[in-house]
Amino acid sequence: MSTEGISVNAEVRVQIRSDLDILNARQQGRRLATELGFSLTEATFIVTAISELARNIVMYAKTGEVLLTSVNDRSRCGIIVVAKDQGPGIADIRLAMQSGFSTSGSLGLGLPGTKRLMDEFEVSSKIGQGTTVVVKKWRS
Amino acid sequence: MEVPILKQGSYLIATIQSDLSDTDLRDLRDALVQRVGKLRSRGVIIDLTSLDMLDSFATRTLRDTAHMIRLRGAETVIVGMQPEVAFTMVQLGLSLEGVSTALDLEEGLGYLNQRFGGPRRGA
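Taken in sequence, the protein lines are chains A and B. Residue 13 is where the first sequence starts when you use this note's numbering, and the numbers rise one by one after that. Residue 28 is where the second sequence starts when you use this note's numbering, and the numbers rise one by one after that.
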């Protein structure tokens, strides 16, 4: 994902270590999304995506960080969420992208669901090194 | 942050007032399951009117809560879900299958009264 032509307005970095940090990341996300003028529904999508990604960090990597960035392109404005950890990594990304939530409550990583909430989605992961998920949502 | 749980006759009403951490949700689940037995409640209403987000963990925990309460002989009704929260749940492919829902507290109580023929007095 290129960052040319993008001016960065606000950046919030949230260290993720516990479920309270997930809450904090959500609240920061809500604030940023509201400031950017997203609709209530869009802001809710963004906050939920942040929550899913932050929880993955707590559950699988123990620690990591969520970086929230507001963006102002020439023709659009929006939010970029980067969830990054140095955890065990995802063994099979394709499998992770196929498995979603099931009514039996099996966990999975919730990545397909998170992807559905946002406009852009990118995941990169290396076994033993960590995982980075980047999602973006643009103002309509 | 503790969720207030009120007793109304043979029903319990838990009103979620803000964004809850995972621990808060688990505590709520445990508190409701405990109290249903202690107070011999027949119905539990969980009011989500003030909740602005429900992710997969929260949905799962609510569903588990309702199931655990049913195993103890009581019925759970989830009320007051906001439209954008419902929308998000559907987008995520989540469901509250097996859990009764109602529009608001009044409807929830009406539903429970219909099921149990009115709140038991002096329980």
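FYI, nobody ran anything at the bench for these hints, they're computed from the structure. Treat the hints with care, as some may be off.
[What the hints assert, rightly or not] Which residues of chain B face chain A? A few of them, derived with a C-beta cut under 10 Å, are: (1) Asp49; (2) Leu75; (3) Thr76; (4) Ser77; (5) Leu81; (6) Gln109; (7) Pro110; (8) Val112; (9) Thr115; (10) Met116; (11) Leu121; (12) Gly137; (13) Gln141; (14) Phe143.
Yeah, the Cβ is synthetic: ideal placement off N, Cα and C, and Gly gets one too.
Results for each hint:
no.: 1; hint: Asp49; in the structure: 4 Å, holds
no.: 2; hint: Leu75; in the structure: 13 Å, violated
no.: 3; hint: Thr76; in the structure: 15 Å, violated
no.: 4; hint: Ser77; in the structure: 14 Å, violated
no.: 5; hint: Leu81; in the structure: 8 Å, holds
no.: 6; hint: Gln109; in the structure: 8 Å, holds
no.: 7; hint: Pro110; in the structure: 8 Å, holds
no.: 8; hint: Val112; in the structure: 6 Å, holds
no.: 9; hint: Thr115; in the structure: 5 Å, holds
no.: 10; hint: Met116; in the structure: 9 Å, holds
no.: 11; hint: Leu121; in the structure: 6 Å, holds
no.: 12; hint: Gly137; in the structure: 28 Å, violated
no.: 13; hint: Gln141; in the structure: 27 Å, violated
no.: 14; hint: Phe143; in the structure: 27 Å, violated
Violated hints, in rising order: 2, 3, 4, 12, 13, 14; the structure is consistent with all others.
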